[in-house]
Amino acid sequence: MADAKVIPFDDDRSRSGAARRRGVPPGGGRGPVAAGPAPVSALPGGQVPEGAAEAAGGAPQDGDAGSGSGWDRRIAGGLAFLRRRLTGDYDVDEFGYDKELTDQVLMSVLRPLADKYFRVEVKGIENIPSDGGALVVANHSGTLPLDGLMLQVAVHDNHPAERHLRLLAADLVFMLPVVNELARKAGHTLACAEDAERLLQGGEVVGVMPEGFKGIGKPFGERYKLQRFGRGGFVSTALRAGVPIVPCSIVGAEEIYPMIGNSKTLARVLGVPYFPITPTFPWLGPLGALPLPTKWTIQFGEPIPTDGYPPEAAEDPMLMFNLTDQVREQIQHTLYKLLVQRRSVFF
Amino acid sequence: MNDRRKALILGKIVLVTGAARQLGGRFVRRIHRDPGVDRVIALDAVTPGHQLGDAEFVLADIRQSAIARILAEHSVDTVVHLDVSAKASGAGGRTTVKETNVIGTMQLLGACQKSPAVQRLVVKSSTNVYGSAPRDPAVFTETTPPKSLPSGGFAKDAVEVEGYVRGFARRRPDVAVCVLRFANILGPEPDSPLADYLTLPVLPTVLGYDPRLQFVHEDDVVDVLEIAAREPRRGTLNSGTFNIAGDGVLLLSQCSRRLGRPTVPVLLPAVTWVGTALRTIGMTDFSPEQIRLLTHGRVVSTVQMRETLGFRPRFTTAETFAEFARSRGPGLLPPERVGRAVGRLAELPLGGGQAGTTHSTHGAR
Chain A
1 MADAKVIPFD DDRSRSGAAR RRGVPPGGGR GPVAAGPAPV SALPGGQVPE
51 GAAEAAGGAP QDGDAGSGSG WDRRIAGGLA FLRRRLTGDY DVDEFGYDKE
101 LTDQVLMSVL RPLADKYFRV EVKGIENIPS DGGALVVANH SGTLPLDGLM
151 LQVAVHDNHP AERHLRLLAA DLVFMLPVVN ELARKAGHTL ACAEDAERLL
201 QGGEVVGVMP EGFKGIGKPF GERYKLQRFG RGGFVSTALR AGVPIVPCSI
251 VGAEEIYPMI GNSKTLARVL GVPYFPITPT FPWLGPLGAL PLPTKWTIQF
301 GEPIPTDGYP PEAAEDPMLM FNLTDQVREQ IQHTLYKLLV QRRSVFF
Chain B
1 MNDRRKALIL GKIVLVTGAA RQLGGRFVRR IHRDPGVDRV IALDAVTPGH
51 QLGDAEFVLA DIRQSAIARI LAEHSVDTVV HLDVSAKASG AGGRTTVKET
101 NVIGTMQLLG ACQKSPAVQR LVVKSSTNVY GSAPRDPAVF TETTPPKSLP
151 SGGFAKDAVE VEGYVRGFAR RRPDVAVCVL RFANILGPEP DSPLADYLTL
201 PVLPTVLGYD PRLQFVHEDD VVDVLEIAAR EPRRGTLNSG TFNIAGDGVL
251 LLSQCSRRLG RPTVPVLLPA VTWVGTALRT IGMTDFSPEQ IRLLTHGRVV
301 STVQMRETLG FRPRFTTAET FAEFARSRGP GLLPPERVGR AVGRLAELPL
351 GGGQAGTTHS THGAR
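Taken in order, these protein sequences are the chains called A and B.
Position one of the first sequence corresponds to residue 1 (the working numbering), numbered consecutively onward.
Position one of the second sequence corresponds to residue 1 (the working numbering), numbered consecutively onward.
To be clear, the hints were calculated from the coordinates, so they are not data collected in a lab.
For glycine and all other residues, C-beta sits at the position ideal for the given N, C-alpha and C.
Fair warning: there could be bad hints in the mix.
[Claimed, not checked] Below, a list of computed lysine to aspartate or glutamate pairs in the DMTMM-like style, where the Cα atoms sit at most 25 angstroms apart:
#1 A:LYS99 <-> A:GLU255
#2 B:LYS87 <-> B:GLU73
#3 B:LYS147 <-> A:ASP325
#4 B:LYS147 <-> A:GLU315
[Unchecked claim] To give an idea of the chain A side of the interface with chain B (calculated C-beta under 8 angstroms), a few residues:
#5 ASN127
#6 SER130
#7 ASP131
#8 PRO177
#9 LEU270
#10 VAL272
#11 PRO273
#12 TYR274
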């Protein structure tokens, strides 16, 4: 950590990280996110982009987004969207991923949280390929899996090819009512080798947090210390699918719910892996469930190619351990680097 | 080989069980038109209400050993076992259904084992054998082991039937055995618990769950049964186990909206009571496995069906469902009327714009 070369602060570091890079080709430079006010064709929360209106078979459009008919088109788009939703005329994939709902509703709900509340700054988005499968491996923290959701928004809003991150979630997610429904519609699926492989072979970007409950439920004192990466199953899955592994480091999520205690008894009673006790939760009731407004940085690292290995390599435990360690080291290293650069937890 | 050639010369003799059901009747009529088929013996324990064409109908119960005599008498070479169902065809409750499914299959397989003429066996099974659990992978392939074996009901019958069929295949390696695991079959006549459920005026659903469902059209079922009952075409293989389902997936919420039937979300513990109540008044079979399906859903992979069996369904899941919805007639909230209501909303003066988008957020859930 100490010998990490500290990169001087960039000017745009302090800006809201929401700068969207639509249309900017993935340059070679792993530099900071394009600065300046985002090109605001981007959709502010709750509104429907032109794509929807077009798809709805609405009036043919040729004006650009800024013109006076923008409102009419938006209304038409919104109504077409409403009609499609109410008559069930939309598609979901075999995992239950509802692209339309995710793009227009779920993302719009999460976007303010990412842009305004956590002010997520995204770096190295060009490390996610523009087409084909990739496995994004990230650290996991924060008591509640908000980091996964923010990662999904970050990829969706920042990637030039507008790729959708398909997250692999714990089985607990799919046992809880409402949560499982929303998770499936947002494109998440169960963290198992079958699903991951199916998604990767379908050319999707898959996100996984191999630390699992060990990472998200660790005490505050151990923040930014990566836990064991499961059994490294994600590496063999990536190898079998021949897709690159993109290490991803998330800074800021550790402090949203500083977990100072864990009531094992309550956890057992409720059937959850841990029951967090934070300075505010459960003392302040629902108010205590409000995350602290920390400043986040999400950095995608250099992809680690896996296509150079022979097919039987996925069965080689030594190689799996080595690759797992390599990914883990890279994430840990980047975490330390980002922590050194960070001025404060909240700014 | 010799037997097979003889069978070709004599023409095929096909025995179809469960001929009194809608699907069995359709398949009997279809296979009888097949030029390669010489005779069709239709079998059931009850007299069918529909025409079977020129097929010979034999009134017999497959739970009795008389089935062996019938096989020998007609020197049957292809057995198509369709009498594996979730619903009783006539009177009789769950016990009769289970006996026909399990004991009937055992008797039939015993008879097949003794009959040297039998060359081919086709069994109608169901994707119910995979169960439905939150820990299952999103898509089942033919080799996925179920995380939780069905504890009872039709799903367990199907698992047991498949077990006996595997045993038979081991003992008679010379017989080509094809097990077809059908997703939810929808046809003009509702003949499955799920179809019954979808005809309820108001659909009770499990609060907080939106299961993924797959459907297969009855026409496709008849087609694929014919493929399985014939000699395989070049480059395909029609023995083994295959998932059969239409392309695509529908969520239960989509189904209800497309049918125009409102849903009543019920808390998971209370669903069992609703199920019992519905069963008591005889409206539908709301069994625990049915509730699990309506909670976690089930999607199967059909790669084997396409690539090995060489079958491409004519109807997607959505098309199958659209046809079903047409045959059911409109529900309480027909999609067209809902669409028109939204259209009227568009005619409201401006400022409805904001309302439109906020509504959309609301309506999407």
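* To do: Any hints from earlier that this structure breaks? Give me their numbers in increasing order, please.
  => Those not satisfied are hints 1, 2, 3, 5, 6, 7, 9, 10, 11 and 12.
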